[in-house]
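> Now for the letters of each chain:
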Amino acid sequence: MWTELLLTLQDANTQWVLFGSILLGIASGVLGSFALLRKQSLIGDAMAHAALPGICLAFLLYGTKSIGWFLVGAALSGLLATYFIQAIINHSRIKEDTAIGLVLSVFFGFGIVLLTKIAQSENGNQSGLDDFIFGQAASLVGNDVKVISGVAIVLLIITFLLFKELKLFTFDRQFAKGIGLPTSFLNALLMTLIVSAVVIGLQAVGVILMAAMLITPAISARYWTDRLDRMVIVAGTIGALSGILGTILSSMASRLPTGPVIVLSATMIFLISLILAPNRGLVSKGLKLYKIRKKVARESVLQTMYDLSEEASQSDQGLSFSRDQLINRRKMAGRTLDSNLQRLKREGHLLMPSEAKWRLTGNGAKEAYDITFNNRLFEMYTMYEMKFAHLQLAANETWQYEAIPKSTLEELKQLMAVHERTPKLDPSHFEKGGKYYSSRTQSSTEKQRKKEVKSS
Amino acid sequence: MSYGAWIILTGSLVGVTCGIVGCFLILRKMAMLADAISHTVLLGIVLAYLVSHSLEGIYMLVGAGIIGLLTAFLVQVLHSSGVQSDAAIGVVFTSLFAFGVILLSAFAGKVHLDVNHALMGEITFIPWNTLTVGGRDLGPSAVWMLGSVLLINLVVIVLFYKEIKISSFDPAMASAIGIPVMFIHYLLMSMVSITTVASFDSVGAILVVAMLIVPGATAYLLTDRLLVMLFISAGIGVLSAVGGYYAALAWNISISGSMASIAGLLFAITFVLSPRHGLLSKLLARRSIVAEQSS
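Residue numbers (my numbering), protein chains in the order written: chain A, 1 to 456; chain B, 1 to 295.
A couple of the hints might just be wrong.
[Said to hold, decoys possible] Below are the DSS-like pairs computed for lysine-lysine, each with C-alpha atoms no more than 27 angstroms apart in a straight line:
1) A:K95 x B:K29
2) A:K387 x A:K294
3) A:K424 x B:K165
4) A:K95 x B:K162
5) A:K39 x A:K164
6) A:K424 x A:K406
7) A:K295 x A:K331
8) A:K288 x A:K357
9) A:K295 x B:K29
10) A:K387 x A:K413
11) A:K39 x B:K29
12) A:K164 x A:K295
13) A:K366 x A:K424
What the hints contain is simulated information worked out from the structure, not anything from laboratory work.
Just so you know, these numbers come straight off a predicted model, no measurement behind them.
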């Protein structure tokens, strides 16, 4: 297999195609990243389709196949299409996706009309124009590849030079405008860059699959990093890798068309990213979720034990509870409860004083008290969320009372007392093993509440 | 019936069937999902052939229906795992399409379908491919297929009109009053898939998108009522088909391409001239407000 691979790679034509696919992959990965972040992934698809009439018109006017003129024609009709899409969105109630689909299909239909006109024009040169729809990477000749590489390199240089401006423009258009960047110029420039990438890709992978080259490497790169500069590099690398893989695989099997194989290689890399990427990948997300579930289940068993003990202590009852009492208090799956009870017992947080009854140990009570205290503070926070808006908690942050500023913590504690949610059972009590009833805490809460009522 | 009449009938059936289904897609902001499905049905057709070894319409419908639903499902899965929706559509349809093209070229000798034909359609051949039952010639099979798909679509729409309507305009309310929103979603997706595959032969995969989106979008600019929109959209579909046929005849160009172009032209006219939502009426309204204020 390796010798076969080496033989294939020694073929000059394959080398050209490989070189072209790599540069194409890099350019479309880089530009696709910008399109993706601006939520315009499908613009690439639209432009790839909309380029067809431009290419046909260029052919009709110029008379022969010339990738340079095709580029100009395609760029012009691609830009015209984006202009139409914008106009339809701005001046009617038609939404973006409908506008894209509408312009895309009408332009393509008109392109097909022109294509049939060309087919009739008795021009010996029209054969091969079909390749612009389906792509024919294997038929690329040295000259095509030179143009593809030249354009791809120019695109990359422009992107590199204007990286800062494009980045600002992509993330915050208003701000970019505010500091005096020519946003409408940048918009047109970005569109031109994308159209150019599409056009050079058409010959290699065709209209429809060029859309994939803009979307798939970029969305895969998004899984690996949060920073635009890295994302652009990763997307370019993935694009190049897909180009290499696709070219090699299709040159080894006789009937595999290069373009679709390049696209499927990109899809494979996307699937790998989707599943395995650190932080965002499905595996790592699943693991995180599993850990959180486990932690929450353990904490909720402890808190339920505390809640029950607290109640029982108020009415001078024992502090041991059966499994059913726990389940009645807080709905959870029986199996989860059992495994957590066993686990907490191993950790020394729970003990079984009698058959089928559970009781908190001193250590367990300390932790349970802490958890309950923390959760009840959080309850107060959610009840008075507007009042504590200055804490600026991010939605995915876990609530930890140690991190709250002292004055705010006092405020929360007072509220907790007003609502009679202060944990009333001192954890130290469990070590003595006796019963506990805090009249002091109770009466102070009572006083506090009366004060509050008066003042309000 | 004459050769031309059959083509016009086929085109009109495509126009009506696509026009009606397209309205719902536009209202539900799923136009690009139609684009995606009309590409991926290629895979459905190739797979259906490889499984059944026949080019009978019914196998194609089943294959396309399954792949259409798969497309919608995969997009949903990716979207719910955090991929933004346009990128999810892009990744799914291009991969499935690429897979379809690979299968097609790998079995090119055996499958009687070439990519060219699949994408651009060949409505001119339709009258030759007739359905014969018991030795009697019943007319082009495409007409029968489109007719039955139209019938199926109409039955589904009549049966679920209220549910589809509510879930199109207000999905939150629909799920609140117990309408199975997901079921309606996939029902619609199956309608799109079978409509696409039935129209596939005549106008080709990509131009189905034009017939699905453009008449509906035009109708959307002309009325605020769903039922009226459905009728206008169907009418514009027929108009594009008939106009496209005669334009193609006059200039000797691709029929499906000229159907799409005529549809685009009709949209452009409506976009400028629509009485309430048109560019011109808005301009006039603005001018009269300015005149009022200055007087």
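> Taking the hints in turn, state whether each one holds.
Against the structure, the hints come out as follows:
no., hint, verdict
1, A:K95 x B:K29, "holds, 7 angstroms"
2, A:K387 x A:K294, "violated, 32 angstroms"
3, A:K424 x B:K165, "violated, 56 angstroms"
4, A:K95 x B:K162, "holds, 23 angstroms"
5, A:K39 x A:K164, "holds, 19 angstroms"
6, A:K424 x A:K406, "holds, 21 angstroms"
7, A:K295 x A:K331, "holds, 16 angstroms"
8, A:K288 x A:K357, "violated, 33 angstroms"
9, A:K295 x B:K29, "violated, 41 angstroms"
10, A:K387 x A:K413, "holds, 14 angstroms"
11, A:K39 x B:K29, "holds, 15 angstroms"
12, A:K164 x A:K295, "violated, 43 angstroms"
13, A:K366 x A:K424, "holds, 13 angstroms"
In summary, the numbered hints that this structure violates are 2, 3, 8, 9 and 12.
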